[in-house]
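Number of protein chains: 2
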Amino acid sequence: MKYAKRMSEIKASEIRELLKLTEQPEIISFAGGLPAPELFPVNEIKEVCSIVLEEDGRKALQYTTTEGFKPLREWIARRMNDRLETAFDCDNILITHGSQQALDLSGKVFLDEGDVVLCESPTYLAAINAFRAYGCSFLEIPTDREGMVISELEQTIQSCPNAKLIYVIPDFQNPTGRTWNLERRKQLAEISARYGIAVLEDNPYGELRFEGEVLPSIKSFDEEGNILCTGTFSKIFCPGYRIGWIAGDKEVIRKYVLVKQGTDLQCNTIAQMEIAKYLELYDIDGHIEKIRQIYKNRRDLAVQTMKETFPDSVTFTNPQGGLFLWVELPDGIDAREVLKICLEKNVAFVPGGSFFPNGGRENTFRINFSNMTEDRIVDGLTRIGNVLKSFQ
Amino acid sequence: MKYAKRMSEIKASEIRELLKLTEQPEIISFAGGLPAPELFPVNEIKEVCSIVLEEDGRKALQYTTTEGFKPLREWIARRMNDRLETAFDCDNILITHGSQQALDLSGKVFLDEGDVVLCESPTYLAAINAFRAYGCSFLEIPTDREGMVISELEQTIQSCPNAKLIYVIPDFQNPTGRTWNLERRKQLAEISARYGIAVLEDNPYGELRFEGEVLPSIKSFDEEGNILCTGTFSKIFCPGYRIGWIAGDKEVIRKYVLVKQGTDLQCNTIAQMEIAKYLELYDIDGHIEKIRQIYKNRRDLAVQTMKETFPDSVTFTNPQGGLFLWVELPDGIDAREVLKICLEKNVAFVPGGSFFPNGGRENTFRINFSNMTEDRIVDGLTRIGNVLKSFQ
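Here the protein sequences line up with chains X and Z, keeping their order.
Heads up: take any position in the first sequence, counting from 1, add 3, and you land on my numbering.
Heads up: take any position in the second sequence, counting from 1, add 3, and you land on my numbering.
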């Protein structure tokens, strides 16, 4: 029996494997990207679940269209237009099995073997795995505090005829937590139009802004229809439902719909109806505000603790939102070695090397600050700080 | 902007497009593969949904492992062992987004561009689409009343060095409704072992047997670990949840788990917990028995009506279970032409041509008998019979 060639490239996600280790309750884990479960609106969901089953149980449990539940797609289009200056209606939206599936479908729609994906360096680990399954390679574009360095992007495109897709996370990037400024957003849309290259603007965290102004999406500057955006209910509602979306021009979304048909027919009907009912009956803005406040406190506390306990030679980002911050150690210190000692002290994070598709930069790691309570944040980061001191 | 090459091959599923047409309530549709919604245990699901959220709401709404909810995987392993003579435990099972995703993941695990899938002729339409996305072609193996003609399969393998995967639906096949006999099952397992070719045994309908004896799975004769099986809750519980599975030897399932990680991380957590809770608290066997009785009555009525109203030159199968039967018209009559007239008379079915990956056999069509009430079955099939008479 022979596997496909891609199977020699596909590796276990370091995060998912670490998550198994960190399931023991004594571990203080900054490894996952898990939302705080104490914020899930459990009682409200119980309520909407009953209502959906009472009002339209047979429909909720039956097959539905590949595109997804229309009232939910309508809500998403309105929300994106209001926040991100897009101009969508429901036919611009396809419901996906979390925004992770939007990445996988993008690989299927755009990537042939030998194609090149241009991405931020570093970039989201599971996007690397999603795209790699379609036989692509990656060119990493340098990033600074303002986002991708667009001049470097343009040079790379000019020297790379197989460049097929530009993948970016402009808001509270995973893993760095950084946000692109307005100028870079406009410039990327221009580059995409000039060179006719598709852009995937992945935006799972955009709603979780703690301070500063919401910026328009890259898509809002798209004049050629080359730009696609993702979104998800995982971070503003709950991830267990696995409901996200891909948004773009109608002609492109129709391609995604065809691809999703063969992939898994459609998303969970009742999950879509429950979320739509929640959005109808409850105050999602109030709920998101609660999440923002708590994550902001956790970020503040994390940054504060790191300032106090990490050696001065260690630098880290201070993100304006999202779930993650990014740590750089002095050259020559391997974050995997640091992790080994930290695990002995029952504290975990994700070493940064895996976020670079072409390897390297082992002196980095990612901290998730959304999932642990405040006392554990202080305790855990202090432990990491002590371990780091031993590496000086 | 350039799409992947595969996009020129991927077509809209004729069924999904037809389903949109047939959403008007006046249409009597034999087109879908939809279960009867009046059989969904809506009240019981309302109950288990409340219990799951009360007992463990935060867990139900959070991320979980890629493999899936363990108690559900344990139930599936026991069920398969009891019914299909397999020897599984929970680590032989990966929960998938319906059994359709098990097909897609199989394409990802096994198929490179240029590989060949060997399948029954005709075969399940959406499997063709799922596999084709990975750049394979198809060789159709003739089938008779007892299943795939194994001597033809072996000859094809010998002349086709790129044969990579054998795809079969041995129980109440889609679209023909036919079931493989015991001998053919054993022979296929032998062929798979002899030539080292993976087999995907797709089994979404096996639990819906109306008469005759349950036969062991092809997997139960597997000595080399080359055989994978699918299953789903869509036909015995409800499809809206999108919960199915792939089962196989542990080493192979670990490959599927890696691939699913990059594809969509995991299936809906709460859906898995709700189904597991239903299986714990309610009598699924009693529920399936109810479905069987009703579908059996519908099949009886369909076959009876077709005997009475279809011209003698038209032949059709009389399946022992499942959801479908298969109609063959005299050579030269195009089922798509018949459908046009039938749609004018508000009755629909799926023309058979699309079930042949390499085209042809336009004188066939598929009838679904599970979704319409008894009076509509008689009324609708009589209308089709009248249209068919006009083609004589």
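Some clues are possibly wrong.
So the derived label-pair ranges between C-beta atoms look like this [stated by the list, open to error]:
id, chain 1, residue 1, chain 2, residue 2, range
1, X, E227, Z, T385, 31 to 37 Å
2, X, E227, Z, Q307, 42 to 48 Å
3, Z, L284, X, E47, 20 to 26 Å
4, X, E12, Z, K5, 18 to 24 Å
5, X, E26, Z, P164, 30 to 36 Å
6, X, K5, Z, Q27, 57 to 63 Å
Don't read these hints as lab results, they were simulated from the structure.
Treat the numbers as computed from the prediction; the structure is a model and nothing was measured.
Glycine included, C-beta positions come from ideal geometry on N, C-alpha and C.
*Quick one: which hint numbers does this structure break? Sort them smallest to largest.*
Of the numbered hints, 1, 2, 5, 6 do not hold.
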